[in-house]
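Asks: Model the full structure from these sequences, guided by the hints.
In this text, residue positions in the sequence shown follow UniProt numbering: the first is 1, and each later residue adds one.
Hints were generated in silico from the structure; no laboratory data involved. C-beta: ideal position from N, C-alpha, C; glycine also.
BS3-like mimics (lysine-lysine), calculated; alpha carbons at most 27 Å apart, straight line:
hint, residue 1, residue 2
1, K76, K122
2, K45, K122
3, K76, K51
Across the chosen pairs, the derived CB separations fall in these ranges:
hint, residue 1, residue 2, range
4, D84, D106, 42 to 52 Å
5, P139, T176, 15 to 25 Å
6, Y107, V55, 36 to 46 Å
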Amino acid sequence: MGGTVSSTEPDPPPRHENPILPQATIRVRKPPLSKEPDYSRMCPKCSSILKPAVVPAGHNISLLQCPLCYTTPLCKHCLYPCPDGTCTNQSCQVVSLLLTCDRVTDYESSVYGCALFRACPKCHTLMMHESGCNWVTCPQCRYSFCFICLRGTQEFNYHSSRTCSAQKAPRQRFQT
Numbered sequence: 001m002g003g004t005v006s007s008t009e010p011d012p013p014p015r016h017e018n019p020i021l022p023q024a025t026i027r028v029r030k031p032p033l034s035k036e037p038d039y040s041r042m043c044p045k046c047s048s049i050l051k052p053a054v055v056p057a058g059h060n061i062s063l064l065q066c067p068l069c070y071t072t073p074l075c076k077h078c079l080y081p082c083p084d085g086t087c088t089n090q091s092c093q094v095v096s097l098l099l100t101c102d103r104v105t106d107y108e109s110s111v112y113g114c115a116l117f118r119a120c121p122k123c124h125t126l127m128m129h130e131s132g133c134n135w136v137t138c139p140q141c142r143y144s145f146c147f148i149c150l151r152g153t154q155e156f157n158y159h160s161s162r163t164c165s166a167q168k169a170p171r172q173r174f175q176t
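Replies: The following block contains the structure:
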C-alpha cells in the first residue's frame, strides 16, 4: 500500500538562496566627507568670511576684505594682499586651484579626504594623487613627501606605514 503522509504541521517557507550573498565581503566604510568650508572665501588670518572690498571707482573690483581684522584688500583668487589693488602673485592661478579643487572621495584611496591637487612643498609643482600609497615624489625636483601631511620623507620613517598618523595639511597657499 502506497500512501501519503499527512501532517498537521505547515510546510516550512521556501528557501530563497542568494548566490551572491555567500561571496559578499564586509568592507569597513570610512565616514562620509563632511562639508568643507569655502577656503577661497576665508580670511587667512582669522578665518572669517571675506566680503567684497570697497574700492574707488575705476579700480580692480576682484578684491576681498575681512570685516573683522580689516586686512589689506586680498586677491579674490589667491587671497594674497594687494596693497596697490592688483595681484602680483605669479602663482595666483595655481593657488586658486589649490584652494577650490575637490577632495579625494574614493573610500579606497590612501589619501581619502585630501585636496585632489597638492603643490610640491619645495618647488610648487602641481600634482594630483592618482593611486597607490600616500608617499609621492615630485617629478620636477624629486622631493619625496606625504600627500596627506606634506612632510618630507626625511622627517620620519616613511616605509613603516601606508597611512599617515599626522594631521592632514590644510589647503596650500604660497606666493612667488
